[in-house]
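Undergrad: One letter stands for each residue in the lines below.
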Amino acid sequence: MRVRRIIPIVAFLALTGCDGTQLSFLNPQGPIASQQRTHFLVIIAFMTIVILPVLVLTPLLIWRYRYGKGASYMPEARLPWWIEIVLLGVPLMVVGVLGVLLWRNTAALDPWRPMEEAGAPLHIQVVGYDWKWLFIYPDQGVATVGEMVFPAGTPIAFELTSETVMQSFWIPALGGQVYAMGGGMVTQLHLMADRPGVFRGLNTQYNGLGFAEQQFNARAVPAAEFNAWVSAVRTEGAPLDDRAMSALARKNTAQDVARLLSPKAAADPVRLFPVPEAFFADLVRRASAPSHGGYGH
Amino acid sequence: MTWDIIFGRLGLDALPFWQMIQDPTQSNVVNGLIASAAAFLVVFGALAVTVLLMSRGWWRVLWSDWLTSLDHKKIGIMYIALAFIMLARGLTEAVIMRGQQAVGLYGGFLNADHFGQFFSTHGTIMIFFMAMPFLTGVINYVMPLQIGARDVSFPLMNSVSLGLTAAGAALVMASLVFQPFSTGGWSGYPPFTEMTYSPDAGPDYWIWAVTLSSLGSTLSGINFAATIYKNRCPGMTLFRMPLFTWTVLCTAILMIFAMPPLMLATGLLALDRYLGFHFFTNELGGNMMNYANLFWLFGHPEVYIVILPSFGVYSEVFSTFSGKRLYGYTVLVLATMCIAVLSFTVWVHHFFTMGQSAPLNAAFGIATMLIGIPTGVKVYDWMLTMYRGSIRMTVPMIYAVGFIMLFVIGGLTGILLANPSVDYQVHNTLFLVAHFHNMLIPGTLFGMLAAYTFWFPKAFGFRLEETWGRRASYGWVAGFILAFFPLYGLGLLGMPRRSLSFVEPAYLPFTIVAMVGALLLLFAFFSLALQLWISVRERETRRVFVGDPWDGRSLEWATSAPPPEWNFSRTPEVTGRDPFTTAKEGGEAYQPLRDVKAIEMPRNSILGPGLGLAGLICTFGLVWYMWWLAIAGAVLALAALVARGFVRDTERRVEVAEIVGHHDQWLAAVQATPAVTRAKELTPENRGHAVPSTQEALA
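Just so you know, the sequences run in chain order A and B.
Heads up, the first sequence is in the numbering used here, so the first residue is 1 and it goes up one at a time.
Heads up, the second sequence is in the numbering used here, so the first residue is 1 and it goes up one at a time.
The reader is advised that the hints may include incorrect statements.
What the hints assert, rightly or not - Pairs of lysine to aspartate or glutamate, DMTMM-like flavour, derived with a Cα cap of 25 Å:
no. : chain 1 : residue 1 : chain 2 : residue 2
1   : A       : K264      : A       : D241
2   : A       : K251      : B       : D23
3   : A       : K251      : A       : E159
4   : A       : K251      : B       : E600
5   : A       : K69       : B       : E658
6   : B       : K597      : B       : E685
7   : A       : K251      : A       : E147
8   : B       : K680      : A       : E159
9   : A       : K69       : B       : E685
10  : B       : K680      : B       : E658
11  : A       : K251      : B       : E283
12  : A       : K251      : B       : D113
13  : A       : K251      : B       : D664
14  : A       : K69       : B       : E600
15  : A       : K251      : B       : D13
16  : B       : K230      : B       : E600
17  : B       : K74       : B       : E504
18  : B       : K74       : B       : D664
19  : A       : K69       : B       : E466
20  : B       : K230      : B       : D200
21  : A       : K69       : B       : E681
Keep in mind the hints are simulated off the structure, nothing from the lab.
Remember, it's a predicted structure, so these values are computed and weren't measured experimentally.
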């Protein structure tokens with residue numbers, strides 16, 4: 001009885017950081033991560049059909065047919081013809097079933113696919129810098145660095161790009177990762193949190209010295225609280241102007257940007273307001289323009 | 001100014017202790033000491049070897065019997081020696097990285113730049129300068145013997161391949177003394193490795209080391225394929241070839257087609273870096289997706305290049321140590337070919353997360369899962385080979401059994417990764433790192449160590465000591481489990497690969513266990529070294545000159561150990577599979593010679609080591625912008641090639657008397673050596689003359 005109680009506690013502790021931050025899709029906090037976990041477990045179940053016999057029979061074979069003491073040695077033993085059919089047929093069927101699941105899940109969990117069934121989305125534009133993320137809320141006109149706040153129960157439609165090398169944007173407890181790439185490339189991701197909570201977000205693509213520190217909290221809050229938060233950012237935020245841009249362009253962490261922009265409140269995440277109109281689109285256009293140097297016009 | 005012309009951009013700051021002296025913070029001192037110790041080992045090791053060679057007068061032997069030799073057996077042994085040296089470095093780096101992560105909660109002892117160089121050199125070395133030389137060495141030694149050939153088709157090109165590979169390895173070793181190496185990982189993704197983000201010499205080291213190595217491997221692939229197509233002995237039809245040779249053929253074909261895309265990728269990256277092109281930059285229309293496609297067009301077949309030869313080794317090991325012919329030979333051959341072809345159809349699965357459409361990802365995901373089918377069939381064929389056999393759990397068998405039980409777990413995680421929707425959750429995490437180590441350590445490395453133990457007596461004429469061999473094999477298996485299973489857990493908990501440190505206390509128990517596993521792997525490596533030391537010292541007690549210590553089944557066992565330079569005094573004629581077993585059972589092994597003719601063998605050549613040296617000089621010059629040195633190296637290479645064109649006397653005649661002398665000596669040894677049963681396989685009574693298992697069972 002005791003063990004039964006301890007296992008879920010240990011599992012919970014392992015899947016959750018010490019401060020209650022959700023770390024893993026194995027303890028899913030949104031519909032995408034939840035389906036990913038299910039798919040993960042179903043694959044393991046089907047693969048057991050193929051793997052378990054190897055793990056069980058190999059030691060038995062070694063023991064039973066060991067030199068000198070084992071069962072009768074018959075080097076000329078012929079096995080019936082249908083064995084080869086079984087050997088080919090079973091993995092073929094397993095892969096067949098898994099292939100159907102793969103096709104369906106890849107379409108259903110495609111990061112590009114809008115979660116229309118869950119209502120109108122909140123738009124967030126993500127820009128990767130060395131070694132922090134800038135989150136722009138185009139409809140609210142605000143932006144943050146180092147923390148992403150959003151309403152629980154509302155789908156989030158992300159657009160991602162990078163102002164530096166490739167990065168990979170990931171909030172494991174909510175869903176999969178997608179690369180943010182430079183050169184004017186924009187990728188998309190759709191996620192949703194079922195309930196309020198704090199989820200760890202990070203970059204998984206190595207991008208230099210500060211890579212391991214490129215983490216942030218994704219904080220899902222009730223809808224009313226989100227609106228209050230937006231208002232607060234609008235009143236307290238520093239403008240996303242040239243000064244903010246030059247702080248972002250440096251190779252530093254979100255904490256460093258906070259220190260540069262608001263030395264007094266350096267412990268808090270960076271909050272930016274106002275954000276210039278079409279800020280993200282301009283970044284992307286500049287990056288993709290062939291006239292970066294002096295070429296063309 | 002003038003110094004720049006001579007030294008390029010090589011300055012004092014390239015020395016590993018420079019930063020430590022200039023800015024002696026605690027972190028700089030710790031990292032500087034580690035780097036300086038490594039550099040010291042390289043310099044001191046090279047000096048010690050040179051002094052030893054000079055003082056003992058071994059220099060001449062090394063030069064004329066080894067470095068310039070075109071004998072495929074000696075080239076094979078040199079490849080394997082190179083692999084072991086590089087394994088020592090790669091493994092040490094792995095232990096240091098595991099040590100860093102074991103104390104990596106909020107910090108650790110390595111700094112970020114040093115850690116970046118560690119994971120980049122570790123991956124580059126283990127793939128290009130450990131796995132590739134190891135398997136190329138084993139193939140070189142074994143394959144021509146298995147098909148009854150005198151040598152590979154192009155012995156000189158074989159030596160050139162070795163020279164180029166060794167030059168690449170030397171360049172990576174030079175980066176320990178003149179730092180830094182790249183921090184862009186073994187895959188060297190731009191734009192991170194472009195001038196904008198990595199202007200130092202690191203990525204250039206990586207580019208040229210990998211380019212030299214892949215040029216060598218392309219030539220090796222051509223050589224092996226041509227040898228198998230053209231040099232088989234009479235009667236050795238394709239479907240009578242031992243399975244190892246079949247896997248070599250598939251690997252050779254993969255090398256020919258997969259290495260050029262890599263050379264193209266590194267070449268274009270070099271154009272970007274040296275001449276301001278924009279193939280993969282963020283600016284002026286460059287796009288790194290082109291790099292990702294080229295790199296993985298190489299990178300995925302590469303996985304099978306390093307794993308298929310091991311599949312061949314396991315096939316030989318299971319069959320030999322079960323005293324039974326291989327079950328499902330035809331299916332295994334077809335499965336190997338299927339894997340080779342499919343390996344070119346799955347490369348996109350390395351970057352599902354880079355934004356392709358769902359149908360494209362799904363197509364590549366399903367293609368990836370298809371590879372699981374022939375691989376699964378193989379595992380069951382090996383198990384059925386043991387069924388009703390007479391199994392001796394020798395060291396190669398411990399590796400083989402460890403392999404199939406661990407490999408299926410890697411197969412499971414591979415199928416998980418093949419599913420894009422799951423891959424989105426584990427891509428770039430330690431789950432992926434655990435997966436590919438699960439394929440490459442039990443898959444490739446165990447296979448190569450099994451091959452080393454299995455064919456060592458053939459190559460050197462004495463068996464390896466058993467006790468330390470067992471300790472090593474158990475150490476590799478247990479160490480692998482402890483070092484990498486925790487990484488699966490860490491990946492599922494969201495820990496990215498290449499993380500210097502972390503802030504989640506939940507990760508700590510896993511990283512500590514992995515550290516213990518890494519130490520166990522280090523113990524296994526030292527056990528191998530100790531085993532070799534003891535075996536050499538006690539070699540007289542384990543001599544197997546007759547040449548058949550394991551009751552072998554294929555032709556390489558049908559000649560003396562070590563074999564003469566010309567391999568077979570009498571060209572074998574083959575009438576079926578397992579020809580040596582058939583001959584032994586029919587009492588027809590060990591025949592006297594008939595119609596002996598003189599044999600022409602290739603003379604030594606300095607072209608291989610010469611081109612290797614020229615390549616090293618040229619690329620070192622390129623790395624540090626010492627243009628005069630780069631030009632000198634290129635001119636030297638060209639001059640060596642032209643000079644070789646004037647060499648007319650390229651063949652050595654082995655006279656009949658020498659051949660007959662060796663053969664009679666061998667037959668006399670066969671007569672004088674009592675045949676032993678498998679019960680005495682590991683005792684001093686085993687002098688390489690075997691009673692066939694089938695006859696032992698009848699008696």
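Undergrad: Within 25 Å, alpha carbon to alpha carbon, are K251/A and D23/B?
TA: Distance of about 21 Å is within 25 Å: holds.
Undergrad: Within a Cα-Cα threshold of 25 Å, do K69/A and E685/B meet the stated pairing?
TA: With Cα atoms ~21 Å apart, K69/A and E685/B stay inside 25 Å; holds.
Undergrad: Measure nothing beyond the straight line between the CA atoms of K69/A and E658/B; if it is 25 Å or shorter, mark the hint as holding.
TA: Violated, because 46 Å separates the two Cα atoms, which is more than 25 Å.
Undergrad: For the pair supplied as a hint, K251/A and D113/B, confirm whether the alpha-carbon distance does not exceed 25 Å.
TA: Holds. K251/A to D113/B sits at ~14 Å (cutoff 25 Å).
Undergrad: Assess, step by step, whether the Cα of K251/A is no farther than 25 Å from the Cα of D13/B, and give holds or violated.
TA: holds (22 Å)
Undergrad: Holds or violated: K69/A with E681/B, Cα cutoff 25 Å?
TA: holds (16 Å)
Undergrad: Hey, K251/A versus E283/B, does the alpha-carbon distance stay inside 25 Å?
TA: Satisfied, since the Cα-Cα distance of roughly 19 Å is no more than 25 Å.
Undergrad: Given the proposed pairing of K251/A with D664/B, does the C-alpha separation stay at or below 25 Å?
TA: It is violated: about 74 Å lies between the C-alpha atoms, which goes past 25 Å.
Undergrad: Between the alpha carbons of K230/B and E600/B, is the straight-line distance 25 Å or under?
TA: Given pair K230/B, E600/B holds - Cα atoms ~17 Å apart, limit 25 Å.
Undergrad: Regarding the pair K74/B and E504/B, is the alpha-carbon distance no greater than 25 Å?
TA: Distance ~51 Å between K74/B and E504/B Cα, so the pair is violated.
Undergrad: Does E658/B sit within 25 Å of K680/B, going by the straight-line distance between their CA atoms?
TA: violated (33 Å)
Undergrad: Do the alpha carbons of K264/A and D241/A lie within 25 Å of each other, as the hint requires?
TA: holds (19 Å)
Checked against the numbered hints above, the structure breaks hints 4, 5, 6, 8, 10, 13, 14, 17, 20 and satisfies the rest.
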